[in-house]
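Go ahead and model the full structure; you've got the sequences and the hints to work with.
Chain residues, written in single-letter form:
There are 2 protein chains.
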Amino acid sequence: MRIVTFFLVTVATMAGLVTFGTPAQDQAGGQSGAPYVIEIPDGYRDWRWVSSAHEAGNLNSIGAVLGNDAAISAYREGKLPFPDGTIIAAVHFRIVPSEENNKVFGQAQSFVPGAPTNIQFMVKDSTKYAATGGWGFAHFQDGKPAEAAFMKSCFPCHEKAKGSDYVFTRYAR
Amino acid sequence: MRIVTFFLVTVATMAGLVTFGTPAQDQAGGQSGAPYVIEIPDGYRDWRWVSSAHEAGNLNSIGAVLGNDAAISAYREGKLPFPDGTIIAAVHFRIVPSEENNKVFGQAQSFVPGAPTNIQFMVKDSTKYAATGGWGFAHFQDGKPAEAAFMKSCFPCHEKAKGSDYVFTRYAR
Chain A
1 MRIVTFFLVT VATMAGLVTF GTPAQDQAGG QSGAPYVIEI PDGYRDWRWV SSAHEAGNLN
61 SIGAVLGNDA AISAYREGKL PFPDGTIIAA VHFRIVPSEE NNKVFGQAQS FVPGAPTNIQ
121 FMVKDSTKYA ATGGWGFAHF QDGKPAEAAF MKSCFPCHEK AKGSDYVFTR YAR
Chain B
1 MRIVTFFLVT VATMAGLVTF GTPAQDQAGG QSGAPYVIEI PDGYRDWRWV SSAHEAGNLN
61 SIGAVLGNDA AISAYREGKL PFPDGTIIAA VHFRIVPSEE NNKVFGQAQS FVPGAPTNIQ
121 FMVKDSTKYA ATGGWGFAHF QDGKPAEAAF MKSCFPCHEK AKGSDYVFTR YAR
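Same order as they appear, the protein sequences are chains A and B. The first sequence: position 153 = 153 (the numbering used here), numbered continuously. The second sequence: position 6 = 6 (the numbering used here), numbered continuously.
Incorrect hints may appear among the rest.
As the list makes no split between identical chains, a pair holds if one copy fits it or if it spans any two.
[What the hints assert, rightly or not] Below, computed lysine-lysine pairings styled on DSS-like, alpha-carbon distance capped at 30 Å: (1) LYS103 x LYS162; (2) LYS160 x LYS103; (3) LYS162 x LYS144; (4) LYS152 x LYS103; (5) LYS103 x LYS79; (6) LYS128 x LYS152; (7) LYS152 x LYS162.
Source of the hints: derived by calculation from the structure; they are not laboratory data.
Structure, rendered in structure tokens:
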């Protein structure tokens, strides 16, 4: 059952905001080199907006990608690879119709974030995460980090975006 | 032709992020009381993220709502009405499939911002804009403010959201 859930989450993630593959655990000090981050980075909800995205199909998600200062500077300057210290966040929600808005518009057209599904992070540390393109991955659901088994799918997926330093999301301008 | 364009933009706006009706011109000093803002607020792209939205149908848009510090504080504290000084921005784009992402996922499911369509603002000044619920409205396309005739539709639409201080967008959490 857990495996099924993880699989769904993985697909949702990959579909979701298509920002990261997935993440897992970073035993700060322990299991050195595991490209998983298990602490939610401080203040991410105050970071600047990179882009929004919608995933159709079973996922049916909407969300936003936010970046810390290092991420935003690199994005704006088109600098690749992203520098160490970069953290990119992807916040995902179920996409739901806004009945309130649709009433005003007189037709069903407005879709907004519903229940939160997960929050993901990519953390750049080219030494610590050298084996995964310099990125550590994180995935939280209800505030809890995903397990290592789940996180293993992150890098193989992001590896396909090697040309943009393993990051799928573009800066919206 | 211009009228047709404006009409489309209005519909797009109302559909778009459903954040504001529409905006137009604020002859700072002139035409006092006109609830139209014709200058793009400084630094809005650095503001914090309030929410994302997708409009289906002809508009087919995706975007984000951002808020300045006053807006974010009020949103987070659930304070209504928004205080003077609040500015809310809505940035809209055509929603387009991401062929790059879909190739990775093996199916057409990923939608991202394409060409920018318009940027809108709501500026709170309960004295200056007393006649329109305390809000001045702005709408920019290619960096240019919409004309007054276009802006007239903003408030009548936002008036329907009187219960949330004329603001449609909710804070995503």
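Hints versus structure:
Taking the closest pair of Cα atoms, LYS103 and LYS162 come within 30 Å of each other only across two copies (14 Å); inside a single copy the shortest separation is 44 Å, beyond that limit. Taking the shortest alpha-carbon separations for LYS160 and LYS103, only the inter-copy value of 10 Å comes in at or below 30 Å, while the best intra-copy value is 42 Å. In this assembly of identical chains, the alpha carbons of LYS162 and LYS144 lie at most 30 Å apart only when taken from the same copy (28 Å versus 38 Å across copies). For the identical chains of this complex, LYS152 and LYS103 are inter-copy neighbours only, at 20 Å across copies versus 44 Å inside a copy, given an alpha-carbon limit of 30 Å.
Taking identical chains as interchangeable, the C-alpha atoms of LYS103 and LYS79 lie at most 30 Å apart only when they sit on different chains, with a minimum of 24 Å there against 44 Å within one chain. Taking the shortest Cα distances, LYS128 and LYS152 sit within 30 Å of each other inside one copy (16 Å), while across copies they are farther apart (56 Å). For the identical chains of this complex, LYS152 and LYS162 are intra-copy neighbours only, at 17 Å inside a copy versus 48 Å across copies, given an alpha-carbon limit of 30 Å.
Of the numbered hints stated above, none is contradicted by the structure.
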